[in-house]
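Visitor: From first to last, the protein sequence lines are chains A and B.
Positions 1423 to 1744 (the working numbering) are the ones given, in order, by the first sequence.
Positions 96 to 421 (the working numbering) are the ones given, in order, by the second sequence.
Heads up, some of the hints might be wrong.
Stated by the list, open to error - Pair by pair, the computed Cβ-Cβ distance ranges are:
| id | chain 1 | residue 1 | chain 2 | residue 2 | range |
| --- | --- | --- | --- | --- | --- |
| 1 | B | MET247 | A | PHE1439 | 44 to 50 angstroms |
| 2 | A | VAL1728 | B | VAL413 | 52 to 58 angstroms |
| 3 | B | ALA304 | A | ARG1573 | 46 to 52 angstroms |
| 4 | B | VAL344 | A | PRO1484 | 25 to 31 angstroms |
No wet-lab data here; the hints were simulated from the structure.
Don't be surprised by glycine CBs; every beta carbon is placed ideally from N, CA and C.
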Amino acid sequence: MSGDPLLRVEGLRMHFFTKAGVVKAVDDVSFSVGRGEILGLVGESGSGKSMTGYSILGLIDPPGRIVDGRIDFDGIDLTRLDAAAWRAIRGNRIAMIFQDPMMTLNPVLRIDTQIIEAVQAHADVSRESAIARAREALVRVGIASPDERLRAYPHQFSGGMRQRVAIAIALVNGPDLIIADEPTTALDVTIQGQILFEMQKVCRESGTALIWITHDLSVIAGLADEVCVMYAGRFVESGTVADILDRPLHPYSRGLIDSVPSRNERGRPLRQIPGMTPSLLSLGPGCPFRERCTSASPRCVESPDVTEPSPGRRLRCFHPSA
Amino acid sequence: MLAYAIRRFGQSFFVLVLMSFLVFVGVYAIGNPVELLVNPQADDAERIRATAALGLDKAFLEQYWVFLKGAASGDLGRSFVYNVPALSLILDKLPATIELAFVAMVIAIALGIPLGLVAGLKPDSILGRGIMAGSILGFSLPTFWVGLVLIMVFSVQLGWLPSNGRGETVTVAGVPLSFLTADGLLHLAMPAVNLALFKLSLLIRLTRAGTREAVLQDYVKFARAKGLTQGRVIGVHVLKNILIPIVTVIGLELGSVIAFAIVTESIFAWPGTGKLLIDSINQLDRPVIVAYLLVIVTLFIFINFVVDVLYSMLDPRVRLGGAASH
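Could you put the whole structure together from the sequences, leaning on the hints where they help?
Guide: Okay, structure coming up:
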């Protein structure tokens, strides 16, 4: 990856200031995405990966707040933008797709309304040309008879079709970056495969960069160029997809990979990571994974710094696997 | 849609017949109106003659049968007291009540939904908390007390607003209306606010609860992720979803405002059906009571029908008659 990346997140911290205390949902996370590149952002539920996505779009609601860090997008530090300027980027240059397609489309508005408003929020175009762009976007995500579909309501669509519509809405303004928050988790496997294929194709064709947020490493394996692993709101390690999946350095990444069922180990009990993810509310300093880690030592009560064991590879651990 | 309307009409007819029977049983049990209608010095012969003239000498079921036969031809009986058809007595007074109810509902809707939205979007702000505190007052203060205080303040002490009657009216299509004249509006102001207060509080709470739930939904986040303005996210995406329960409640409450404007009408001497009902109950004027209740039931049925139609317009998942096409 040479030159300036499209998006560079640097030391991002996003905390929720609740009555019970400060929840460090995102705590010192850094990664970058090049133009047209696909980054897999991996972690368990509650690891802060979705909140990282929302932070990039400026969709954090009080009591949540970005307290530190930079989000450089094409030369602009998003964290310094006011609400109106951030809104102008949202849905226009950075789009987002959500996890549950049954919930993301507004049930009481027609599909055309929901696509046209996305076009007209960013471009001063007539309704006719907005409809033309909506139709084009539906065709691109593989929806047949778009004219008929435009006049339908979300409840007349299946889950997979709704997710295609959501993707079409994300694509309609030709964004530079799409943040996809587990968009295939709620779909069955065959539909998941189709959606993955469409997304990959569309992004390659249009040179759109993609951040694919997921807990599913098997999806990442076939999709991403780079992978960034998060745990308990913190950056764990990053590298190319081959590096992370074949030679994980952090004990947590290794644990995640070992938890994936494999054909070669049929009949053997699945390995799992012992223990539970810690509550972000009571999380002290030090490596958050040490309680569950087999390699942990007394040193781990201190927070390890991010190191670069090899070019393009970043890690936060005192005891990397060999 | 036609099949739906016909089925709905059949149900409504059944409800009306059942309702009329229950009301008939009810008023029959209250007491003998002849005691109140006939001169106390009258002798037994006079009494019997009066009873026969009113048809009260017949058996209960026979009386009901006579009533049903009359009702089928649009005759709900004659008022014992005024000796005019009960229905025309009520229809005479109904415009005043409906006007009062509508103005009250307009006030409640025009203030309640925006205030509820503010309270729902900013639940922890001073404004949001203030609105909720106000709505608790609106809920808990009794209508008659608020009415009396309004009269005390605005009529007695400040002398700004008249305390009784409809004021000057304009007749439009044979119906006298107050809200088209300045004097009428002044007369309307206090009773309408008094009647609106409870509904206003209800709408504030309902809108707030709906808003708080809706803003957490993914479709709201997705709408924001599209880069829509806050105005469009709230005004279209949130509002259209929360309107569904709000329309139901407005419909039901409109019926109840018309039916139970009694207290407000009594306090402000508003010449509507509420006052007529109270007078009729005091004088045991059975036909008027029965006719009033039947008119109110018909109104409720009609309003519910309108609400169902509005539903299908607001929520595409609801299609009347169950003929949703895929």
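Visitor: So, for every hint listed, does it hold in this structure?
Guide: Comparing the hints with the structure gives:
For MET247 of chain B and PHE1439 of chain A, the Cβ-Cβ distance of about 48 angstroms falls inside the hinted range of 44 to 50 angstroms, so the restraint holds. Separated by about 55 angstroms at the C-beta atoms, VAL1728 of chain A and VAL413 of chain B satisfy the suggested range of 52 to 58 angstroms. Between ALA304 of chain B and ARG1573 of chain A the beta carbon distance is about 32 angstroms. The supplied range of 46 to 52 angstroms is therefore violated. Our hint of 25 to 31 angstroms for VAL344 of chain B and PRO1484 of chain A holds, since their Cβ atoms are close to 30 angstroms apart.
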